[in-house]
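Using the sequences and the accompanying hints, generate a full structural model.
Chains as they are written, first to last, in our numbering: chain S, 296 to 488; chain A, 5 to 170.
Think of the hints as simulated: they come from the structure by calculation, not from any bench. One or more of the hints may lead you astray.
[What the hints assert, rightly or not] Calculated pairs, SDA-like style, for lysine to any residue (alpha carbon to alpha carbon, straight line, at most 25 Å): (1) LYS92/A x ALA477/S; (2) LYS92/A x LEU326/S; (3) LYS92/A x ALA318/S; (4) LYS92/A x THR317/S; (5) LYS92/A x GLY323/S; (6) LYS92/A x LEU339/S; (7) LYS92/A x GLY325/S; (8) LYS92/A x LEU460/S; (9) LYS92/A x PHE324/S; (10) LYS92/A x GLN320/S.
What follows is the residue order along each chain.
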Amino acid sequence: MNLTRLRRIGRITGPVARRFETARQRLGFGLLFLAYLALLWGTLGWWQTWLGIGYLYPLSWAATRLLDLLGVSAILDPSLLSRGTCTLVMERAVFHVTYDCAGLFALFVYVAAVLAHPAAATWRAAGIIAGAGALFAYGVLRLVALALVGHLAPSWLSFLHLYLLVLMNVGFVVFLWATWVARARPASREAAR
Amino acid sequence: MNPLVVLRRPGRFLVTFSAATAVLLVGWQWVSGYYLTALVWAANQMLALSGASVTLRPPVIGGEMVYPVVAGALALFAITPERSSAWKMRWLGGLLVGLFLLHAGTLCLDARAAAATHGGPAVQGDAAAWTWATPIAGLADLARTQLSLALVTLTWFLAGRRLETD
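Have a look at this one:
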């Protein structure tokens, strides 16, 4: 039941109809978001191996190469990749890069929000691909930043790793989603209204 | 033009959010201990209501910060542009209550699980309630952290949805 139809009924009009419609849309979005997020989290175990090969390892590898370019010697040890960990050995610190560090759960939140939003399928696909790329790049930079801080100012490492950069994930996901929503073409049913 | 407006300048928002979060996290270091005390009290009430014989006692956390996601939630809503103070207070208030319940609930579940694993008062031979210190390592538990972050982002996504004409 959309806004026009509600107005046509005549019982609910103006701001009340708008509020009802907004609340209905919010509820639908929230339920879909939770369903997609639960699906992604729940099935992680099935495709964990592929994520390790296709996401965690390339991300750790890119961070290692970037650190080398920046003059910080780092060795990548992927022997624990099957357990969801890549080890990054540096002169003053050893990082165990997990899915959490790689921003995988931030990616899940973003994907769930994109899928739950009423947009055309092609825009959703484009949003997921572009967002995954952006989150990958962000994950690499995040890891490099952590490694540099661990190398140059180790006392700040905990603050950044455990607190600030974890919360930055929220900010980055919000940034990505808001950017995508501003460009996304609505689904045909929505556009027809 | 897309009728749904979330943020007009997402890039600026990201920069402001980072700065605000860093500042609020510094302040949160002093407050998080009180938050944990309140959480433990609430979790103990939940445990008592559910008839569990285990109680929690807050640990000494020293300089460690707990539940930093609360500071992130404050920053996220505080710096959201083009929204009224009433809007911010309403959504942030709801979110903080949700986070508090989520955190207290997970502490409660942790306590029950610990009691089931390590034995309750009957096993301990102690007629009084079995006391269990909240594990700080457990507070950083992956699921709990991710659930909190998901709740914050979901609330913001829901709150941020509005039409251009609103």
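Going down the list of hints, with the structure as the test:
{"no.": "1", "hint": "LYS92/A x ALA477/S", "result": "22 Å, holds"}
{"no.": "2", "hint": "LYS92/A x LEU326/S", "result": "22 Å, holds"}
{"no.": "3", "hint": "LYS92/A x ALA318/S", "result": "17 Å, holds"}
{"no.": "4", "hint": "LYS92/A x THR317/S", "result": "17 Å, holds"}
{"no.": "5", "hint": "LYS92/A x GLY323/S", "result": "22 Å, holds"}
{"no.": "6", "hint": "LYS92/A x LEU339/S", "result": "35 Å, violated"}
{"no.": "7", "hint": "LYS92/A x GLY325/S", "result": "19 Å, holds"}
{"no.": "8", "hint": "LYS92/A x LEU460/S", "result": "24 Å, holds"}
{"no.": "9", "hint": "LYS92/A x PHE324/S", "result": "20 Å, holds"}
{"no.": "10", "hint": "LYS92/A x GLN320/S", "result": "20 Å, holds"}
The structure fails to meet hint 6 from the earlier list, while all remaining hints are met.
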